[in-house]
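Based on the sequences and whatever the hints tell you, model everything.
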Amino acid sequence: MFNRFANPNRFLRLSRPLVPVMAWATVLLMAAGLYMTFFTAPADYQQGQSVRIMYVHVPSAWMGLFCYVGMAVAAAVGLIWRHSLADLVAKATAPIGAAFTFLSLVTGSLWGKPMWGTYWVWDARLTSMLVLLFLYLGYMALQNAFDDPERGFKASAILVLVGVINVPIIKFSVDWWNTLHQPASVIKAGGPSIHPSMLWPLLVMSLAFTTYYVWVLLLRVHAEIAASKIRALRMRQASA
Amino acid sequence: MRGFLAIVRRDLSLAVRQGMDSVMVVMFFVLACVLFPFGVGPEPNVLARIAAGVIWVAALLAAMLSLERLFQTDYEDGSLELLTLSPLALEVVVLAKIVAHWLTTGLPLIVASPLLAVLMNLDAAGYPYMVLALALGTPSLSLIGGVGAALILGSRRGGVLLSLLVLPLYIPVLIFGVSAVDAAIGGFEAKAQFLVLGGILLAALPLCPWAGAAALRQATE
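Here the protein sequences come in this chain order: X and V.
Under my numbering, the first residue of the first sequence is numbered 22, with each subsequent residue one higher.
Under my numbering, the first residue of the second sequence is numbered 849, with each subsequent residue one higher.
Be a bit skeptical, because a hint or two may be false.
Stated by the list, open to error - Covered by chain V, according to a simulated footprint, are these stretches of chain X (three or more residues, beta-carbon under 8 Å):
no.	stretch
1	145-155
2	159-172
3	178-186
Bear in mind the hints are in silico, worked out from the structure with no lab data behind them.
Glycine is no exception: its CB is placed at the ideal position from the N, C-alpha and C atoms.
Right, dumping it as C-alpha cells:
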C-alpha cells in the first residue's frame, strides 16, 4: 500500500488536483472562522473581548502537536520502509509545525498578559510547548547538517522519534500538574465543557488550520521533489 | 558481558592515558559555578536560594561538554566500524561506551558537587540529597546525550548542534533534580522527585542504547 505511493510521479499526479481544493477550503473556512470569531462568538463574561485570542491560540497549539505526531509517523515510515516520500513529508512538516508552535506561544503570551498579568510563566504546559519548539528547531538543524541528504533524513528521523516522548507530556501536563494554564476543556472524558457558541468557531478555525497545513505541506513536498530532480539533473550534467 | 566489560575498560584506559578529560570536565563544572557569585553578587541568602539550580545546570553543561567525543574519535579512526562488525550487539556497545562516559564525567561531577555546595552556600541538610539526585540524574544525562552524540556523527558543526539536540531533552532531569534538592532543604518529602528521577533513568536505560545503536548504524552504513 505504502510502496504504491512512494513513486514521486504518481504522488505528484494524485496530489496536484488537491492543491487548489485545499487552498480554497482554507480561504473559505478561514473567512467563516474569522467571521464567527469576531461577530457571532460571545465575549466571555470574565475575560471580555480578549477571549477571542483563543480561536487562534488553541487551533495553533493543536496543530503544533498534530504536526509533530504527523512528522513522527512519517519519520517512522521513512525509517522502517525506506519510503523516500515519507522522508520528504517529515521534512516539509517541520517548519510548518514550528510556525504553529511559535504562533501558539506568542498568542498565548499576548493572552496571558491581560488575564494572568504576565507574558510568561514557567508553567508545565508552557514549558513543554517551548521544548516542542526546540525539538522542531533541533530537527531542522540536524536535517540540514549533513552533506548527504539521505543521512540527514535518517538521523533526524531518529531524533523525532526520541522527542515523541514530549507529546503526551504536553497533552497531560495540565492534568498532572496543578498549573496556571487551564485544564483541558474540549478533548476530555465526558464531552466538551465549553459552550457550543464558542465551540463551533473553535472547530471551524481548527479545520481551517488543518486544511492550511495540508495545502502548504503539498506545496512544500512538490517543491522538495522538484529540488531533488534539479539536483539529480545537475549531478548528471556534472558527471557527463 | 565480557565484551561489554572489555569496551568499558578500553574507554576508561583511553581516558586515563589521554589524560585530562575528566579533570577538565570537573574544572569546567567548578568554574561555571564560581561565575555565579560574581554574576549575581556574593549575598549568602541569594546564593543559597539558587545553589541547587546552579550546580545542576553546571553539571548538565559539563556532562554535555565531553559528549561530542563519545563516538567521534572512534568514528574518525574507523574503530567504530569494527565495533559494528563485532558479534556483540551494537546496543551493548553503545551502553558500554555510555557507562564509560558516565564513569569519566558523571562520577567526578558527583564527587566534586559537595565542594561546590559549600562554595554556593547550600543548606547543609541538602548535601546528601544533592549527591543522591546527581547520582540518579547524571546517568540519564549520559544516556540521553549518547543518542545525541551518535546522531551528529559526520555532520557539520557537530558540537553546537549536539547542544541544540540534547539540551531540550535534559530539561525533565533538571526540573526534578533541582526540585528534589529544594524540597529536601525546605523540609518537604522529596520521595516523589527521586522516584521520577529513577523512573527517567529506568526508561532511558533500555531506550537510549537502542536509539543510539540505530543512529550508529545509519552513520556507518
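How the hints compare with the structure:
| no. | hint | in the structure |
| --- | --- | --- |
| 1 | 145-155 | holds (count 3) |
| 2 | 159-172 | holds (count 7) |
| 3 | 178-186 | holds (count 5) |
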